[in-house]
Amino acid sequence: MGKAAKRKRKVSGPSTAKGPVKSAMAVVKSNPFEVKVNRQKFDILGRKTKNDVGLPGVSRSKAIKKRTHTLLKEYKEREKSNVFKDKRFGEYNTNITPEEKMIRRFALERQQNYGKKNIYNLNEDEELTHYGQSLAEIEKLNDIVDSDSDTEERGTLSAELTAAHFGGGGGLLRKKVSSGQEDEEEEKPKSRKELIEEMIAKSKQEKQERQTRRESTLELTEKLDNDWKEIQTLMARKPPKSERKDKEVEKPKPDEYDMIVRELGFEMKAKPSERMKTEEELAKEEQARLQKLEADRLRRMRGTDEQADKKKPSHVSADDLADGFILDKDDRRLLSYKDGKINIENEEEEKEEEEEDEEGGEEENENEEESEDESASEDEDDAADSHSDLDSDLESEEEDAGNKEEKKHKTNENESQTVEELDPKREAAKSELPYTFAVPESYEAFKSLLAGRTIEQQLIILERIQKCNHPSLAVGNKAKLEKLFGFLLEYIGELATLDLPELRTIDKLVLPLYNLCQMFPEAASDSVKFILRDAAHDMEEVIEVKGRATLPGLDTLIYLKITSLLFPTSDFWHPVVTPAFIYMSQLLTKCRITTLQDVIKGLFICCLFLEYVSLSRRFVPELINFLLGVLHISLPKKQAQGYTVVHPFTPVGKTLELLLVCDKEDLESWQKQNLPLSIVTRLKETSKTEMNHIRLSCLALCFDLIKKCAALYESLPSFHEIMHPVRILLTQHVPVNEYPEKMQEWYHSALKELETKVKHYTPLICEKKKPVPLKQYIPKIVKVLEFGRKQASSKKEQERKQLIQRHKRELKGAIREIRKDNQFLARMQLSEIMERDSARKRKVKELLGSLATQEGEWKAMKRKKWKN
Amino acid sequence: MARAAALAASLEAVLGSRSNANRVFEILEPLAAQEEEEDIVSAGRTCSRLFGALLERRELFVGPLPAQDAALADRYSAEDKYKIWMRHRYQDCVGCLGELMGHDAFQVKELSLCTLMKFVELEAQYPLIKIEWKGTLTFPFDLLKVVVDGLLPVNENASLLISRFQEYMDYDDVRYFVMKAVTANIGQVMQKTKERPLPFYQQNVFSLISPINMPNKESDMVKFMVKQENREELKMSKLQAHRQVFQKMWLAFLKHKLPTGLYKKVLVILHDSVLPYMNEPTLMMDFLTVAYGIGGAISLLALNGLFILIHQHNLEYPDFYKKLYSLLDPSIYHVKYRARFFHLTDLFLSSSHLPAYLVAAFIKRLSRLALTAPPESLLMIIPFICNLFRRHPACRVLVHRPGGPADMSEDPYIMEEEEPSESRALESSLWEIQSLQNHYHPDVAKAAAVLNQSLSEMEDDISGLLELSGYELFDKEVKKKAADVPLEFEQVRGLFGKKNDIFAEHFSLD
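Order-wise, the sequence lines are chains G and A.
Residue numbers 1 to 868, in UniProt numbering, belong to the letters of the first sequence in order.
Residue numbers 1 to 510, in UniProt numbering, belong to the letters of the second sequence in order.
What you were told as hints is all true, and nothing was included just to trick you.
In silico DSBU-like cross-links for lysine-lysine, where the CA-CA straight-line distance does not exceed 30 Å:
1) K859(G) <-> K845(G)
2) K498(A) <-> K483(G)
3) K446(A) <-> K480(A)
4) K264(A) <-> K323(A)
5) K637(G) <-> K264(A)
6) K638(G) <-> K264(A)
7) K257(A) <-> K654(G)
8) K498(A) <-> K277(G)
9) K499(A) <-> K508(G)
10) K479(A) <-> K478(G)
11) K478(G) <-> K467(G)
12) K654(G) <-> K637(G)
13) K498(A) <-> K742(G)
14) K480(A) <-> K480(G)
15) K795(G) <-> K48(G)
16) K476(A) <-> K546(G)
17) K499(A) <-> K707(G)
18) K845(G) <-> K862(G)
19) K481(A) <-> K483(G)
20) K478(G) <-> K481(A)
21) K76(G) <-> K87(G)
22) K499(A) <-> K277(G)
23) K336(A) <-> K638(G)
24) K323(A) <-> K638(G)
25) K65(G) <-> K808(G)
26) K742(G) <-> K752(G)
27) K672(G) <-> K498(A)
28) K808(G) <-> K820(G)
Calculated directly from the structure, the hints in this document are not laboratory data.
So here's chain G without its partners, still in its complex pose:
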């Protein structure tokens, strides 16, 4: 440090103010004694060396300088609580020249004072006025003499006042005058002090007077009040109405608007919620939802991206019950009051509405009553008259708020809890159906629960079972309701196998089935699969034993139909629908057609097939085969030409002519009718004509199905080959002319659908194969794993490690700095102590010196004296 400073001093002579530092540095750098070189052991190409050359002297001096500026300062001021802050503008800024500094400071000052009014600031531009005239103008126009005379003449200021206020300047003046006129006959003029005392006394007296006056008035009013009271007791009667009205006018009852305002003020602040959606928006939303579902369905139908469709699990909130429950509609109940009790509506909307109306009326009534009460209470306590209104209002508001809260509370309860606390009245009305149902444990229990009830009641029971045992209510409910699905399915099957199948009931029962299915897709699919497997297994056994099978009963057909209602049939693969497809295919190919019922069942399955593929337009060969076979058995026996029927139909055999109708009358009298499904179970008691009519209906159905198939498969490239046998049969073999007109219509529409399709073939072309990339000889670059060095696995980990390292380095640096600070301080303290000690020593020396001289002098004197 010392060296550097010296050197600096040496060189600084000729260079400019800025120059010396630079040149000093350059000198330092060029001085080999200053430079410390960190010798490199190995020269590595491309490595940037940061610390190969160091200037330890320079850096040390820099550090010490910095410490003297900061640390030392702090140390010196360690016991001082006051801080002198120099806020002068640019005091320590060396970049600004002093002149400029002054200018800026002045500007700043002006800026600060701008806009502030200062009465003492006479230098300002503001004009001072006297009696509305500018003082400056007055100064200009009138000389002082003039004004003096004026004042004397006009006497604008009373002598007394001027004497009092202006210290008797005027008095002196006057004294001069008066002394000239009246001589010494008057008393000695009052001194200033006297004058002031006089004034004080005067004002005091005035004050006292005022006080006594007020006291007397107070006394008087008090006296008056007492008098009034006395009088009032004397006339102890109600004040006349007019008077009261006046009072009311005086304090008018707060009008409605105010009340509302206050009410709104007190009302619980409504949180901003989503606004009610308009119908259009709802419709749009619904449409969007359906579109999304439809897109989903299409994707599944194509079955192309099965991997992709493993969609990420949707976000599940922590509050989610994970019960798969979807609120289809808002089934919260609205709360209403009836006879002061909470009334809970049932599902019937009409009643709800009625009650709502009633409720509204009741509320109004209540309000009226309340207002009446209010007025009565008003009458009673006249004393607290002024506040009674407000109070009662407040009360009523509080009540309202309370009710509201209660309402909310209750509705919440209703939402979560069950129908347990229902209105007894309603219960009676609802023909003793209990409100809570446990889920039946066995199928028998389930059956007995529904036995003897009407369809509507059964539906209600099912719904209540579902509500009472919602999965969110208890742990085991999910399993129970899943079982319920199985029971319901079994029940439907049983209804279908009855002698007189209760199809109407089934029609209704499908709804709860659908709902349950939506809640528990897995369980539902398992149950349906179980039923299908049973049916297929039975058929397989029969085939093994007898070699042929018969078509199953109505229940299985209904199950297949229900499958199409519960599950999307257009999926490329579906755990339930695909087995159902195969089962139906088996039915159409393996089962013998021997009776008319078989034909109807077969056609039913054909319809099922068509419905299953109506969206996906998938090709079902069995369907065409079966329809061809059905047409075949409607023909008179003859050698089949141009087409071949396949299993289960045979070109020859006893099932031929099963659908043939020869009776002319029956042909004439036939009307297209919907085939009742119950035919499947009982056909015996029908007459021959009816049988013939059923046959013709089957045939018409067959024609219609062919037409639908043609429309469906139009786009298949080999549509014509597929439909070829059917077309030949229709055009060459069907005895159209014998059919009744209606049937001919069916026939022609089917044929037209078949024949209008254009033949269109494009040669097939394979998809291009992706070219196999050539083998390349570029070395594969692999990250080399260095031994002994930790390999950070990921980027994140690497970053973390870097951070830790940097922290360590900083910590080390900080510790070093602190140590250096301490050393610096210790050095400073030491030098201080040394200084102090040396000063003391010097002083002691001085003192001792002076004492010594004193002593010397004293001794010298003594000697002298003694000498003398």
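Given chain G, work out where chain A should sit, using these hints.
Here is chain A on its own, set in the frame of chain G:
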């Protein structure tokens, strides 16, 4: 029970002393008369014991049996007379038992069969014919013939009895003689009926001869009912002889017209259990050719035998492929013998020397017919067709025709053409398979989509697919585990409540 006791007493008496020989009639009487089942059974048992003992004691006359009247002549000693008489009783008994094999009750039938077979065994051991030289055959062929005649009634199904008889067929000698007897029997019976098919009889013959398990090597033939020392020299111990007899029997059986059901059954086993054991399988050529010409399922089945003849015995069959081609009709995908047929078709079409037009015609026809096939057949036929493409790359134009005409109004392929070369299959494309890419069964659709891409080099193994049944498919699908079950989103409005419901148009819920 009394009857049984009486029979036992008679038996003891007869066996005890020759003076009581006449009591034999007491034993034989219930056999001949229409008695109760139980009585016949007990009488049969007694007979079996009686003559068994007599045979063992050699108390029956040996050598050609003189007539009963002739035996009374003085030439014979008393001993001989007794023996001759007793032998006659034995013959009576055998006759009765032979008749009893046509009895209504199975118990009786079974008993007679067993008794007769016991006699056969004993007689072979203690022959009733004189052994003149060492090589004399001691096997009682006549007795066995009685058994075989009893086993093959003309008017009833004797399959149960025949299955009971099968245990004796394990003996190589019994089998040999049974085959001989059957041949003779067929000759006799069919001569009488003059080519009229006898369903029961033929069925019986079939059930007797179809399970015959021929030995493969001579060394396998060790199980004989009759142990003769010089067995090796005898004819019946030669495999060649066995085969000769076997062949004769089958030829005799198949010479006559068979009912359709039996025809199929014969054809089913022919290639496996008949042809390999014949000395000259080519003799079956006529039968197979006729069968192949019948058409339908019978033709399909005849194919197998024919294949063996062509393959192993250099049979030249003119227009074989044309015939095969004409066999392809919609029923091939539905019949029971589908697996066998396609196995063979695969073999026939495996040759790489077949002309492309032929293979193309097959491919085109098979795929055209696939438009009516059930899914289990489709799953088999699509890889089958893919294999054909691999073997015959020249046919790939069917799936890949880059420079072809852009638009055609008609499929050039002529389905009705019998001659594969005239069918113009090579000018066509496989639109059928393209249609099947829209099949409802996901696996079929996937399999069909393979043809869109260029095929891999390796052939698919279709052996596992041949036997696929619809139920297996169903089972496989049902057992698949699904991660999640998509649901129908359209709200249900009742059973027939969908929009545009077909059911609502044609069915009512009454």
